[in-house]
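Asks: For reference, the chains in residue letters:
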Amino acid sequence: MITTELQATPAVLLLEDGTVFQGKAAGKIGATTGEICFNTGMTGYQEIFTDPSYFGQLLVTTNAHIGNYGTRRSEVESSAIQIAGLICKNFTPQYSRQLADLSIQEYFEEQSLVAISDVDTRAIVRHIRDKGAMNAIISSEILDLETLRARLAAVPPMEGLELASQVSTPEAYTLGWEDAPLRVAVLDFGAKRSILQCLADRGCYLKVFPAKTPFETLQAWQPHGYFLSNGPGDPAAMPYAVSTAKAILREDKPLFGICLGHQLLALAVDIPTYKMHHGHRGINHPVKNLLTGHCEITSQNHGFGVSREAILDNAATIEVTHVNLNDDTIEGLRLKHKPAFSVQYHPEASPGPHDARYLFDNFVSLMTVR
Amino acid sequence: MPKDQSIRSVLIIGSGPIIIGQACEFDYSGSQASRSLREEGIEVTLINSNPATIMTDPVTADHIYLLPLTVESIIQILEERQIDAVLPTMGGQTALNLAIEADSRGVWQKYGVRMIGVDIAAIELTENREAFRQHMIDIGLFVAPSRIANSFLEGKEAAQDIGYPLVIRPSYTLGGTGGSFVHQEEEFDAALRRGLEMSPTHEVLVEKAVLGWKEFELELLRDASDNVVIICVVENLDPMGIHTGDSITVAPAMTLSDTAYQEMRNQAIKAMRSLGNFAGGCNIQFAQNPETEELIVIEINPRVSRSSALASKATGYPIAKIAAKLAIGYRLDELSNQITKTTSAFFEPTLDYVIVKMPRWSFEKFPGADHQLGLQMKSVGEVMAIGRNFLEALQKACQSLENNRMGLGADKKEWIRTSDVLERLEKVSDDRIFRLKDALRLGVPEKTVQKLTHIDPWFIKQMKQLVKMEQQLMRYNVAEDIPEDFFRELKEVGYSDAQIAWLMRIKEEEVTRQRFQLGIRRTYKMVDTCAAEFEAKTPYFYSTFDSENESIPSDRRKVVVLGSGPNRIGQGIEFDYCCVHGLLAAKDAGFEAIMINCNPETVSTDFDIADKLYFEPVFWEHLEEILELEKPEGVIVQLGGQTALKLAGEFHKRGIPILGTDFPSMDLAEDRGAFSTLLKDLEIPYPLFGVAGDADEALRIAKDVKYPVLVRPSYVLGGQYMRIVINDEELERHVLTIFKHMPDNKVLVDHFLERAKEAEIDAICDGEQVHIMGIMEHIEPAGIHSGDSSAVLPTYSLSVAAVATMVEYTEKLAKALNIKGLINVQFAIKGDQVYVIEANPRASRTTPFIAKAYKVPYLQIATKIMLGTHKLKDFDIKPQPSGFAIKVPVFSFEKFPNVDKNLGPEMKSTGESIRFIRDLSDPFFRELDRNRNMYLTR
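Order-wise, the sequence lines are chains A and B.
Numbering-wise (this note's numbering), the first sequence opens with residue 1 and increments by one.
Numbering-wise (this note's numbering), the second sequence opens with residue 1 and increments by one.
Hints may be right or wrong, so weigh each one.
Calculated cross-link-like contacts (lysine to any residue; reagent style SDA-like; alpha-carbon spacing at most 25 Å) [said to hold, decoys possible]:
{"id": "1", "chain 1": "B", "residue 1": "Lys468", "chain 2": "A", "residue 2": "Gly18"}
{"id": "2", "chain 1": "A", "residue 1": "Lys24", "chain 2": "B", "residue 2": "Leu473"}
{"id": "3", "chain 1": "B", "residue 1": "Lys208", "chain 2": "A", "residue 2": "Gln98"}
Rather than coming from a laboratory, the hints here were simulated on the basis of the structure.
Given these sequences and hints, build the entire structure.
Replies: Dropping the structure here:
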């Protein structure tokens, strides 16, 4: 909205289907591409920007203001910004939060993120809601649509794209207290820091392994349980991870998966995944726990889901534990004859409500009783 | 748990007359609850003594008891009806207190009535300051250091321990009554004494003042299975120290990070779950230390409240409607989102816009009142504005207030002396937000402004941007000079064309013309609870300047009903009642009924009353673009009080049809000179009067018409600045006061009819026939504002001849003014001589009262006549009078201890109640009538 202070550099957003939105440049001047998606959270933008599951995506934030409480070095989910670009209505570099370190403009410049503001984000959301997720390009350096169209054409579709190995840790590392009673082997497909923190807080000593680590390496560390992390991309394009998950299941030790980890667990028991029309991204998604009857407000970020029909066909071995109250999609499952369970949403929240953190306790007790 | 099948009949308790701190938001919640329960096939019985409410109308409930809110009335109802359960959480503290009293007297138990939606132990815990404080500490939450005191001595000791600044909060009072801030020891004694006196239990909490901490409110809903959702987080722009009802508030929170918010959310849920196990709504207030982000709990209200009404309008999530369903056993996950209809009610709304709520004060009605704001609520109404950014919402809120402001400053009303401005920043008053902008404009550093106001720097920085934009704008000479992008930015942050014009010292028309030329037009966005993630079915819109317009006009025949803006003294809930009926009648007559208003407390702005709702300022620039988009067949201006009526001229000028009585006739009734000429032509007597442009003229007129005279400015509401004076000296003084406060106004000087009786008639006319709805005689003599008078329906002491004359004059006037719709005529009667004092060509304050007393849907009839679909002869009107009905004014003087409580020509009451009596021997009536003589001797 206000450009009296910032110099108003024009920027453009072009969608794969040819739709164009004119706006103003924010963050770094440049161009960036990715799959466009929207998040409806009213708080937690910095956590979202740094969540590796958003790797390669152009993020539309629906909240009216973005940047209004600044940024803080400690409130991140990974060491850097992971989104490919930001699309917002009111880019608001002024902040008052005394605990903050940088303004959003300073942060974006430091992290080289290209953004566009002053576009009708609500119109964009309505467009994606009707037409589905698609690739897009933001540019504040080249405004010629023909050139942008050509660049956009070269961007591969999200479906079939393996991205997890790009955001996974290159080397294994440990986290937590070495003498902790429980050891958890984490398979990192782009794990959020707060997931690891939730486990460490509950007395787990973690070793975080690169995505493509073979099962034998994990097993050699003699963990009490295994964790399949969240991450970006299409789970169906990750046969290496599915086979690791299958091997873990054969070992019969507790296994917990979140988001991408949930999808990988499903694939490991031959439940197919699919690309959703435009995904679930926000911090207000209603989920019902079918085991307890309680409802929880959850933080979500996924563009793929697991097949409901296939799970219901395998009711003898797989139990649906959580469902989405808005659209009845599968939010959680449990294997009946294995100590393995997973959820599609983010119990660690960050950002979002802490209603589902009990799942980490469940995982811990599953490891403890054995 | 699904619906509890054993509940087939529910009693809802209303909140009684409007007082400061408990206003028409409870009509909104009660009506919603009633409709929600009836949807479930439950029979609803309602008790409320307030006749101006929509909840006490047959469209809302099955059985209505317009009775005093006493245990005796409850017993009477329970004797007459089989009631399974009582829902006491919809009528504010009044309803809760009544339910608790009935409970302690064993009434509910005796009649086998269950109390639903509430837990009495929880209520008592939250009301008892000391128990509440201890409970919060027990569950691990923080509260401000405090001590309870039951005596003056204990209070002094507590203050010594805690130190200054501190707060005194009396236990068990409403709207912060009796509470105060004490900055220095000298102020303490008086404040403590007052606090102890105001508390019914003679108990106060002496608490450390957390000055400068930020204040937030959360609205929660919980079901019987302990599922909890947060419907809305509201940030108070005014920090700790100002009652939330008197604070400018913003949603969503503007300065909260996710970590800070989740901490607040966790604590709120923990607190709610610790309070018994009732199913329903709850409001929790927190203070946050801006330095460390630590939180303390300020207060919890385990019921729907003023803030839940606001939260419902702000998010589109109807809290009272859902709370009522939770009270009868439903779980949140069994209900659906009322806006999308396809998703779950167990969710947390997300906003892609910003709302700003601004209180509306009526200090001008209380000369001598202390304007300083504090712990005790003083505002009488509020507005809400929606925008795509904070500044747009803020400026739209200013435009909604009807304070003759065109936005946040830049409208000729600014203050220009820095010293005056700084003083007002420190001493918080009703105009602080405007003074804050003045200070920034005058170059006062942001830091100084922050230090004086404790307002979060984010809000100050935002407002500073307006100042910068204004400086840039002032560089241009004519509208054509403004660059298109900059012009759009100005509109995006909420500037009205009038403000832009004032800054450039050009005409508003020039700005508008250029704007239209550039195609900078309003678009409309939907309030849909979900930031467009799901398709919404409910047509609830606000305007902004964005690219896509979502409000697609239908090709149906449509009419627009104009609301009455914020509640204030002289114009309140009664017009909400009128608008609701107007909308229902228009729908019934086959029209698409479109509502425009900005008052979040109203039922008429509930998204499922009108066919289409525009939550917008009743401000010309906003109306114009809606009307251009919708192209309605006409606009109804008779139902929205003076606010809607005074816009009639604009409509007329632009050729927009006004439904019912046409503009020239309305103008004739409003224009004092022309109206008296009409009275003369019709041979109707009226008190002699004159119009004065200065004091000399006023003195001359007074000499002609003879003292005592009634002096007032023309065109004001509720008798503002109206006085009766008896000599030249008094007259001169008062005329000068009027010119000082209202420079461009004229002054009316009327001969005052001493010791006259006052009466009024409400009537409907279809241009041919006149139907007299009711004739009311005031118990108080002429000279007391009609809004402050007790009105008896029908008349009780006037002669048959006088009544016949009044009817005759009303018929003559209605026909002469070619009224199509409603008219209210006020009379003074001295001996057998009947004088007409004034005529209002619109719904009046008493229209709902008569409709209730006679059980006739007068407003629906009147609306259909305005629409032209019906004539009076099409209706079979059968009033059902029973004895006498008395409309009794109710005041909120306890909020203004130093105000002159004597009644006069200026209205001071905030609400009213209805009382039915069988005959004139009724002791209640005799008491009122005795007081009449007291007034007469004064």
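Asks: Are the hints correct? Go through all of them and say.
Replies: Okay, the hints, checked on the actual structure:
For a cut-off of 25 Å, the pair hint linking Lys468 (chain B) to Gly18 (chain A) is broken: about 38 Å separates their Cα positions. Between the alpha carbons of Lys24 (chain A) and Leu473 (chain B) the distance comes to roughly 21 Å, so the proposed pair stays at or under 25 Å and holds. For the hint linking Lys208 (chain B) to Gln98 (chain A), the alpha-carbon distance of about 23 Å falls within 25 Å, and the restraint holds.
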